[in-house]
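Novice: Spelled out from the first residue to the last, the chains are:
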Amino acid sequence: MNGFNTQDTNGAGREAMIMTNFEKIALLEEMMELGEGSLSEETVLADIEEWDSMAALSLIFLMSENFGKELKGPQIRKLKTIKDIIDIMV
Amino acid sequence: MSRAKFNNAKIKGICCAVPNNPISIEEMVKPYFDENYVKKTINIIGAKQLYYAKEGQTTSDLGYAAAEKLIADIGWKKQSIDGLIFISQTPDYILPATSCILQDRLRLPITTLTLDINLGCSAYIYGLFLAKQFISARTCKRIILIVGDTISRKVSPKDKSSVLIFGDGVSATAVEFSDKNSLSSFILKTDGSGATSLIIPAGLNRYPSTKETRSEKKDQDGNIRTDEHIHMDGMEIFGFSLREVPKILEEVIELNGWTSMDVDKLLLHQANNFMLKHIAQKAKIPMDKVPLNMDSFGNTGGATIPFLICDKLKDEIKINKLRVVMSGFGVGLSWGAAAMELSDVFCSEIIYV
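If you read the protein sequences in the order shown, they are chains V and X.
Quick note: the first sequence uses our numbering, first residue 1, plus one each step.
Quick note: the second sequence uses our numbering, first residue 1, plus one each step.
Worth flagging that the hints you see were computed from the coordinates, not collected in a lab.
The beta carbon of each residue, even a glycine, is placed where N, CA and C say it ideally should be.
Watch out, some of these pointers could steer you wrong.
Said to hold, decoys possible - Among chain X residues calculated to face chain V with C-beta under 7 Å, some are:
| no. | residue |
| --- | --- |
| 1 | F238 |
| 2 | H278 |
| 3 | M287 |
| 4 | P291 |
Unchecked claim - Cross-link-like lysine-lysine pairs, in silico, BS3-like; alpha carbons within 27 Å at most:
| no. | chain 1 | residue 1 | chain 2 | residue 2 |
| --- | --- | --- | --- | --- |
| 5 | X | K189 | V | K69 |
| 6 | X | K218 | X | K30 |
| 7 | X | K40 | X | K318 |
| 8 | V | K72 | X | K30 |
| 9 | X | K318 | X | K69 |
| 10 | X | K40 | X | K312 |
| 11 | V | K78 | X | K218 |
| 12 | X | K217 | V | K80 |
Start from the sequences and build out the full structure, keeping to the hints where you can.
Specialist: This is the structure in structure tokens:
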């Protein structure tokens with residue numbers, strides 16, 4: 001074991017700042033187990049079969065791990081497109 | 001911060017009981033949900049089979065069976081028992097306390113201290129803490145701790161946020177005085193501002209049962225339930241667990257004078273496999289140290305940790321010493337963690353009542 005690590009979110013956040021939209025989309029594709037190029041900024045979440053309640057939980061984890069942000073249910077329910085997610089990935 | 005260290009109380013044995021009424025989740029929800037969605041979700045969450053209380057069967061019926069077998073298996077004389085703690089969110093009555101009923105039914109002496117406590121996912125940690133506290137203060141020498149629920153009565157079969165997860169089960173744990181060095185450490189926390197994230201909104205004193213509270217409603221995610229059914233906001237609970245559990249694990253390991261390298265097994269409340277994997281990942285604990293048994297019993301609330309011990313560690317802790325960290329977290333919001341060495345613990349076979 002490498003020991004516990006609960007305080008590195010700032011470091012991860014700094015790294016995430018320089019992530020391009022292309023990289024963010026790739027991260028979301030990986031999260032939903034979709035092939036490369038499946039998503040674009042315009043993709044509507046409701047049209048993605050893999051976007052379900054479990055994917056929403058994955059997004060909460062992804063935001064916590066990569067951006068040091070705690071995403072809440074009401075915020076997630078407001079998301080309509082991939083662009084909306086990209087905008088909070090800072 | 002609420003923290004404690006004990007040197008003179010140990011777990012002697014554990015027995016767990018489920019109703020002899022296995023339920024296949026897939027079969028049960030077939031009329032309500034898309035088959036592929038259910039298959040996929042079961043795969044991710046992990047619960048395949050649950051046990052549901054039979055008609056007329058209560059939490060204390062299961063607790064009684066578990067405690068009776070446990071006391072026989074470890075050979076305690078009933079006259080030597082002086083404490084009984086019952087932690088459940090599904091007691092037999094509003095009053096009297098179910099622990100009083102169990103004292104009589106188990107034929108424990110009237111010199112027994114009994115106590116009912118209302119906690120769910122964090123119940124086992126709080127219960128062990130209290131039992132050890134009473135023993136440490138020389139108030140009691142031998143305590144039976146009964147933890148569990150028959151939550152199935154409060155689950156709507158048309159609500160995928162709970163029907164795919166919760167099952168019934170009750171555990172009995174024997175805790176006794178021991179003058180051998182048996183260090184254990186506890187940390188306990190509460191955040192009642194999250195009370196509505198996991199709640200049965202109506203049916204008691206705040207919102208008494210009416211025709212309205214008994215009528216089915218559809219929520220924004222398409223789940224159908226009444227206000228007298230259990231309601232879980234999965235996203236809130238997930239966010240809370242991810243934020244707090246890795247933190248409390250780190251704190252309790254340090255309190256016990258260990259580093260994470262010293263931990264043989266991490267016994268997490270079996271909430272759902274998806275969540276546990278992410279907690280372990282965030283806490284940097286490899287999954288081979290994190291046993292899972294959601295598939296066999298589902299989420300039995302406060303009883304998941306003793307079920308996990310009896311199901312997965314039975315043989316190991318009978319002979320070997322195992323350094324474990326436990327954590328229960330959820331409804332309340334209430335959470336806690338404990339670090340201790342388990343050895344010479346007798347786990348009875350899981351019984352079907």
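Novice: Against each hint, give a clear statement of whether it holds in the structure.
Specialist: We went through each hint and held it up to the structure:
1. The interface hint given for X:F238 holds, since its Cβ lies 5 Å from the closest Cβ of chain V, which is under the 7 Å cut-off.
2. Look at X:H278: its Cβ gets to within about 5 Å of chain V, closer than 7 Å, so that hint holds up.
3. Because the closest C-beta pair between X:M287 and chain V is about 11 Å apart, greater than 7 Å, the hint is violated.
4. Hint status for X:P291: violated, given a least beta-carbon distance of 16 Å to chain V, over 7 Å.
5. Distance check on the hinted pair: X:K189 and V:K69 sit about 22 Å apart at the alpha-carbon level, within 27 Å; holds.
6. As the CA atoms of X:K218 and X:K30 are separated by approximately 18 Å, the hinted pair is consistent with the 27 Å bound.
7. For a cut-off of 27 Å, the pair hint linking X:K40 to X:K318 is broken: about 37 Å separates their Cα positions.
8. Distance hint between V:K72 and X:K30 is unfulfilled; the C-alpha atoms sit about 30 Å from each other, more than 27 Å.
9. As the CA atoms of X:K318 and X:K69 are separated by approximately 17 Å, the hinted pair is consistent with the 27 Å bound.
10. The suggested pairing of X:K40 with X:K312 holds, with an alpha-carbon distance near 25 Å, which does not exceed 27 Å.
11. Under the criterion of a C-alpha separation no larger than 27 Å, the hint pairing V:K78 with X:K218 is consistent with the structure, at around 19 Å.
12. Distance restraint check for X:K217 and V:K80: the Cα-Cα separation of roughly 25 Å lies within the 27 Å cut-off, and the hinted pair is therefore satisfied.
Going through the hint list in order, the structure does not satisfy hints 3, 4, 7 and 8.
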